[in-house]
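Engineer: If you read the sequences in order, they're chains G and V.
End of the first sequence = 623 in this note's numbering, gap-free, step of one.
End of the second sequence = 956 in this note's numbering, gap-free, step of one.
Everything labelled a hint here was simulated from the structure, so no lab data went into it.
Just to be clear, a hint being listed does not mean it is correct.
With a cut-off of at most 25 Å between alpha-carbon atoms, the simulated BS3-like pairs for lysine-lysine come out as follows [stated by the list, open to error]:
(1) V:817 / V:804
(2) G:436 / G:454
(3) V:756 / V:768
(4) G:614 / G:546
(5) G:426 / V:938
(6) G:461 / V:637
(7) V:634 / V:804
(8) V:756 / V:633
(9) G:201 / G:165
(10) V:804 / V:637
(11) G:461 / V:634
(12) G:154 / G:126
(13) V:862 / V:848
(14) G:210 / G:192
(15) G:514 / G:546
(16) G:512 / G:546
(17) V:938 / G:192
(18) V:804 / V:887
(19) V:944 / G:436
(20) G:165 / G:104
(21) G:512 / G:104
(22) G:154 / G:192
(23) V:637 / G:440
(24) G:454 / G:560
(25) V:633 / G:461
(26) G:140 / G:107
(27) V:804 / V:862
(28) V:817 / G:461
(29) G:461 / G:436
(30) V:770 / V:756
(31) V:633 / V:817
(32) G:440 / V:633
(33) G:201 / G:154
(34) G:197 / V:938
(35) G:197 / V:804
(36) G:239 / V:944
(37) G:426 / V:944
(38) G:440 / V:634
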Amino acid sequence: MSTTRASNAELPLQQYENIVIRFAGDSGDGMQITGNQFTHTAAVIGNDLATFPDFPAEIRAPAGTVPGVSGFQVRFSSSDIHTPGDQPDVLVAMNPAALAINVKDLKTGGIVIVNTGQFGERDLAKAGLASNPLTDGSLKAFRVIEIDINQRVKEALTGSPLTPKEVQRCKNFYTLGLMYWLYNRPLENTIKWLGEKFASKPDLRDANTKALQAGFNAGDIQELFQGRFEVAPCASMPKGTYRNIMGNEALAMGLVAGAELAGVPLFCGSYPITPASGILEQLASYKNYGVLTFQAEDEIAAICAAIGASYTGHLGMTSTSGPGMALKSEAMGLAVSLELPLVIVDVQRGGPSTGLPTKTEQADLLQAIFGRNSEAPIPVLACSMPSDAFDCAIEAVRIAVQYMTPVILLSDGYIANGSEPWRLPKIEDLPRFPAKFLTKVPEGGFMPYARDDKRARPWVKPGTPELEHRIGGIEKSHLTGNINYDPLNHEFMVRMRNDKVMGVRDTIPTPKPKGPDSGDLLVLGWGSTAGSIASAVEVVQARGRKVAAMHLRHVWPLPKGLDAIFARYRAILVPEMNLGQMARILRSEYGGVNFVSYPKVQGQPFFTAELVTKIEELLETKR
Amino acid sequence: MTLDNAPLTKKDLKSDQDVRWCPGCGDYAILNSVQGIMAGLGIPRHQMLFVSGIGCSSRFPYYMNTYGLHSIHGRAPAFATGIKTANPELSVWMVTGDGDGLSIGGNHFAHILRRNVDVKILLFNNEVYGLTKGQFSPTSPQGMKTKTSPMGSVERPMNPVSFALGCGASFVARTIDTHQKHMEQTLLAAAHHKGAALVEIYQNCVIFNDGFIEGVAEKSVRDEKTIDLRPGEPLVFGKARDKGLKMAGWEPAIVEAAQADTWKADHASPGPAFAMAQLQNQAGMPRPIGIFRSVAAPLFDQGMNEQVQKSIAKKGRGSLKDLVYSGEMWTVG
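So that you can see chain G by itself, here it is in the shape it has in the complex (with noise of 0.2 Å):
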C-alpha cells in the first residue's frame, strides 16, 4: 500500500495514527467534491475515517462572504475512530472569510493553508475583517502555509483551452494534489474519478487532471513544508469487503433492501426536503429493483401515496425532516388506524421551524413518539453512524411488516451528508421476514382486523377475489373492521393498537454496555450521538474509570431489560442534541435512577472532549 516515491525520499516522513483536515471555501469552490476525493482514497487505501461536511443552507450565498463557506472536515486513521474528530490538524482556507470562521475550531500547533491569491483588499472586505490575519499576528498560534493558489493553477494551465474563470474553477484539484503529496496518498483514485466525471469534457478531464498533479508536484519543489505524514492502513479493521458510505445513501440501500427481505416492493412517496432529499434521488436510481419513487406535490401527499402503496401491497414509505413530520402527522394516525406497513423517515435538524435546515439536531424525538392525535402509538428506531442506517432500515421494514405497523426511523443531518467506511454485509446474512399475505378466505370466514400472534392483522391486497373488504380512518370493530362507534369497542381497540406496538419488544434486543457491567457511570446514548460517546467513553476507561457505555437502536418502545441494567450504575449521563428528551422519557419510564440529561443544541455534534470533561466533572461529583 506505501506510496512513497523516490523524489520524496530527502523529506522526513511522519507518522501519525490520525489526522483532521478541514476543507473550507466559498461554496463555489468544490470543497465538498474535494472533501469526497480525499476521503475516498483514504477509504481505498485502509483508513478509518469519518467525514463531516458542514454547509450553508444558501445554495450560493455572495461570494467570498461569512454565510458563503461551505466546510469539509475528514478524519483518517491508522486506528479504529468513531468521529470525524473534534478539531482539525489542518485548515485548508480557500479565502479570508474561510479562514476566519474555521480558525478557531483549529488545534493549537496546527497547520493553516491559506490561499493568498484570494487575500486582496476586497476579499477581506467581503469576509468582514477588518485587518488581514496574515499580517496582522491573529495566526501567530499556527503553522501558516501561504500559497497563491489562484496564480499556481493559471500557471500549471497555461496552453488549456478553458477560460480564465473555467482556469479557476480548478484551484480544488490543485489543493487537493497538494494535499495527496503532504498525506502521502496516491492520485489515482481521483484521477479515474475525473475521467469518469468528464468523460465527454476532456478538456475539463485534463484541466482538473493537470491541475491535481500540478499541486502533487509543488509539494516536492516548493518547499512548502518541513516533512510529510503519513496514517498506516488501520490494522484493527476486521477482514471484509468495504467500501465507503454516507448515511443518506445507507439508508436508501438499508430500505430497498428491506423491501427484498420482506418479499414485497418498495413504493418511496417523498417531498423535497433538506437533508432528507438524498434518500428520495437515490430510490429514483434504484429503478431495476423494482423501486417506485413518487416526488409528490407536498409532504402530505407524498405520505398518502405510500400509505396508498401499502394498501395495494407494496412496503410505501416517506422520508422528510421535521417540518414533514409536523404535516405527516395526521396521515401518519390514519396509517395506525388502517394497520398498514410503512416506513417514516426523519432526518432531523436544527429548528423549531425552518430552523437550520443543513445543521444537526435530535430534538424530533418527542414528537415522533408521542406526535399525533390521540392515542397514536408507532414504534420508533434511530440509527447511530452512517453504515448503522443500512440495518436500521432493514430492522424498520420488519417492524413495519410483521406487526402491520407503521415505523418511524430517526437519522439526522450528521449522519445524513456524514460517511464512514462500511464492512458490507454478507447478503446470506441478513435477516429474512417474508410478509405473509392473505390469498383466500380462512377457515371460519375473513376478518379484516383478526389477529395473529404478534397482534397484526392480515394484509391482503386489493385484486384478490373474495377478500374485498373497506379500511378507514373512523373506529372499526374488533375482529370485522366495521364502523363502530361503541364505547368499549373503542378503548379495546386503543388497548389493541397500543398493547401491539408495545409487543415490539418481544423481538427485539436488550442492548448491552460497552465496559464494565456496573459501576459509577453508565452514558446512554441514542442516534448520532454513539461515535461521540463511544470516543469519549474509551478515553475515560483508558484513564482507569468504571464507566461504560450503551446505545440505544429501538427508541420507541424501549427494548425489555433496561432497568436491570440501570441499576447496576450509580448514575445514567444522557447526552442529547435537544434539551433532554430521552431523560425526559426514560424519567418516566424507569422511576428512582438518577439520570442526568446532558443537552446540546448548538447545530452541532458532541466534541469527544466535552463529553470527556462532562463524564469526569459527574465522576468528581460522586466522590
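With chain G fixed as given, assemble chain V onto it according to the hints.
Structural biologist: Leaving out everything else, chain V in the frame of chain G:
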C-alpha cells in the same frame, strides 16, 4: 373461479353495511347509478377500489362491496395516486365533495388531474359543508348565509369544471343526481376514459342546501335551463330543442337550433370547454352538463411503471448482492 367470471349485478356491489346518509340525500341516487354502471363494466369486483376523503360523500366506499379506503380530509387524490401507481391493474374510483376536493384538498385535486393518473373522480357538489353541519363551501354562491357567514359569504365561488380544465384534465364532465339517465351515461363515459376523469355531480343536500340547483335541474325546467354537451352532436337545448349555441367571436351566443355548432370535446385547446364552463355566469344562458373535455393523454401510472420496466430491461433486475456490493470497494485481510 366460475363465480368470479359471472356477470355482476347491481346487488353484488352493495356492501352489507347500512347506508347512513340522510333520507332524501342525493347521494343515494349516485350510489345507485354507480353500482348500476359498474356492474356492467366487465371488471371483476375484486379489481375495483374506491377511495375517498372526509365528508358525507366520502362514506361512499363503505357501501360498495369492493375494496375501499376511507382516508383523511382532502387527501384522497394522493392515496389514489399511490394505489393506482403501485397497482395499475385496479379500477380506481375516487369520491370527494366540494369541501373535501376543492378546499382542503385543492392542491392534490390539481395534481391528480395534471398528472393524468388513471382514476375516475366523482365530485359531489352540493355547494355547502354537510358533515360539519352547514357552513359555506368553496362552491357556495356569494352572499350565501350560513352559521359561519351570518351576513352572507363574501367569497366568490369556484367552478370545479373550469378548475379541472385549467389543471389540464384529460376528461371533464358534469351531471345531476336527479337525472339518472344522464348521470349513468356520463359515468359510463368516464369509466371508459383512459386517464384522470372528473365528473362533477350536482348533488342535493336536503338538510343544509335543499333545492340549491332546482332552478336549473328540476325536471320541469331542466330542458330549458341546461344544455347537454355531447361530443359530435349539435349544441341544442330547450324543451322543443329549438335553441342552440354557436361561437360568435370569442363567446358562445344563443341561436336557432339549425345554426348550432357541433360540440367537440377534443379541441387542441381547452378554450371552447372553458367558455362553456363559464356560461353559468351569464344571465339567460343554459347551464352546460355532459362532457366538456375528453382527450387522450399519457398516463402517469403507466409512465412510472414503464420506467421501472425499462430500467430492468437495461440494467437487469438488481439483486441484494448488486445493491450492497456496489461503488468502489476494497478488501481488508
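Engineer: Between residue 770 of chain V and residue 756 of chain V, does the CA-CA distance stay at or below 25 Å?
Structural biologist: Within the cut-off at roughly 9 Å; holds.
Engineer: Holds or violated: residue 938 of chain V and residue 192 of chain G, Cα atoms, limit 25 Å.
Structural biologist: Given pair residue 938 of chain V, residue 192 of chain G holds - Cα atoms ~23 Å apart, limit 25 Å.
Engineer: Within a Cα-Cα threshold of 25 Å, do residue 614 of chain G and residue 546 of chain G meet the stated pairing?
Structural biologist: Satisfied, since the Cα-Cα distance of roughly 15 Å is no more than 25 Å.
Engineer: Check whether the Cα positions of residue 426 of chain G and residue 944 of chain V lie no farther apart than 25 Å.
Structural biologist: Measuring from Cα to Cα gives roughly 9 Å; hence the hint holds.
Engineer: Please work out if residue 201 of chain G and residue 154 of chain G have their alpha carbons no farther apart than 25 Å.
Structural biologist: holds, 20 Å
Engineer: For residue 440 of chain G and residue 633 of chain V, compute the direct alpha-carbon distance and say whether it is at most 25 Å.
Structural biologist: Answer holds: residue 440 of chain G to residue 633 of chain V is near 24 Å, not above 25 Å.
Engineer: Is residue 804 of chain V within 25 Å of residue 862 of chain V, Cα to Cα?
Structural biologist: Judged against 25 Å, a Cα distance of about 17 Å means the pair holds.
Engineer: Check the hint pairing residue 436 of chain G with residue 454 of chain G against an upper bound of 25 Å on the C-alpha distance.
Structural biologist: Status holds; Cα separation ~13 Å.
Engineer: Residue 633 of chain V and residue 461 of chain G were given as a pair; does the straight-line alpha-carbon distance stay at or below 25 Å?
Structural biologist: Given pair residue 633 of chain V, residue 461 of chain G holds - Cα atoms ~24 Å apart, limit 25 Å.
Engineer: With the threshold set at 25 Å, check whether the alpha-carbon distance from residue 512 of chain G to residue 546 of chain G stays at or below it.
Structural biologist: Distance of about 15 Å is within 25 Å: holds.
Engineer: Take a quick look at whether residue 756 of chain V and residue 633 of chain V sit within 25 Å of each other, Cα to Cα.
Structural biologist: The given pair, whose Cα atoms are some 31 Å apart, is violated under the 25 Å limit.
Engineer: Please work out if residue 804 of chain V and residue 637 of chain V have their alpha carbons no farther apart than 25 Å.
Structural biologist: holds, 20 Å
Of the numbered hints given earlier, the model fails hints 8, 20, 21 and 35; all others are met.
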